[in-house]
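Trainee: Take a look at the letters that make up each chain.
There are 2 protein chains.
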Amino acid sequence: MTPGDDTRFELVDEEAKWEGRIVTVKVARFRYPDGEVAEREIVSHPGAVAMVAHDEEHVWLVRQPREATGDPDLLELPAGKLDEDGETPLECGQRELAEEIGKAAEHWEHVTEYVSSVGIMDEVVHVYLATGLRDEHAEAEHNERIEIVRWPLADLDGAIAATRDAKTLIGLLWLKAHSAD
Amino acid sequence: MTPGDDTRFELVDEEAKWEGRIVTVKVARFRYPDGEVAEREIVSHPGAVAMVAHDEEHVWLVRQPREATGDPDLLELPAGKLDEDGETPLECGQRELAEEIGKAAEHWEHVTEYVSSVGIMDEVVHVYLATGLRDEHAEAEHNERIEIVRWPLADLDGAIAATRDAKTLIGLLWLKAHSAD
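Chains as they are written, first to last, in my numbering: chain A, 1 to 181; chain B, 1 to 181.
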């Protein structure tokens, strides 16, 4: 048997349950080759882009309130939702880097894309390494509840210990693993 | 100003929108000290536990179909939902390790807990390092669609490149960063 032969599924039907401004929820049924049908609750999300932006001395992070998880000032990578029509993940990252920390980056490297909560949600998050930073203050959005944080690269472990945000852990752990090469 | 003083929020009210078997969805309003009120869509999830289980030579992973994200055989850490009343995250991890890969572990270390998708969902995932593995086949659940994968620790980079699952990237990148110490 080829691995995976009995794990391919096809959509049987789906029913929309709730539509919000950001997410929609549906219940879908899938059929496997052996005839079994599985029902799944699926939260649909437009996806997001996050940036590991550093200038060799500091990695640029933000702190912001996160109501859903009860965090008043969570330490995070600059990031944003893929919510503008026709915008690629890279273009979204470039726009969000300017809006959130007032920077443009000369070099962009696609680090990974991941699924946030695979059992229940279709959200995909693209993570980029952004280097060769320069000021682009003209583009910065005013948001008094987002604090820009320059964190010393020499204390990457401190930043990893100071957050519990998935995209930030993935980006900073990747950077730490990569720095050790 | 103390950082965070203007980012503390209080719940004003919330309205349930949909209740599924696993997740529930609500719209909640929060008020900041300056009087601004923010509305948020929140997906509530019971939380999960994932295990980085290794025996010095291999890390024990699973492959399984994931309908929500369209992955027929996603490479993942053994994991499970926190869905039994009164069960602690550690007890859940011990149960799931036995059920998914038929193992018990002598040593358990809490590596991190993270929030999966901070803007929209309250899911918290606990990640444990589980070592000192021994067989516990009596506890293994039969699920023909979960394939157990022993991945060589010497090729951790290969496993990181072969998955796009958040908990697995966090666990394996942590292991890689830690191994390099």
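For the record, the hints were derived by calculation from the structure and aren't laboratory data. Take these hints with a grain of salt, some might be off.
Just so you know, same-sequence chains aren't split out, so a pair can sit in one copy or run between any two.
What the hints assert, rightly or not - Here are the simulated BS3-like pairs of lysine-lysine, each with C-alpha atoms no more than 27 Å apart in a straight line:
(1) K176 / K26
(2) K17 / K176
(3) K81 / K26
(4) K17 / K81
Trainee: Run every hint past the structure and note whether it holds.
Mentor: Hint check results:
{"no.": "1", "hint": "K176 / K26", "result": "neither (38 Å within a copy, 37 Å between copies)"}
{"no.": "2", "hint": "K17 / K176", "result": "neither (42 Å within a copy, 41 Å between copies)"}
{"no.": "3", "hint": "K81 / K26", "result": "both (20 Å within a copy, 20 Å between copies)"}
{"no.": "4", "hint": "K17 / K81", "result": "both (22 Å within a copy, 22 Å between copies)"}
In summary, the structure is inconsistent with hints 1, 2 from the numbered list given earlier, while agreeing with the others.
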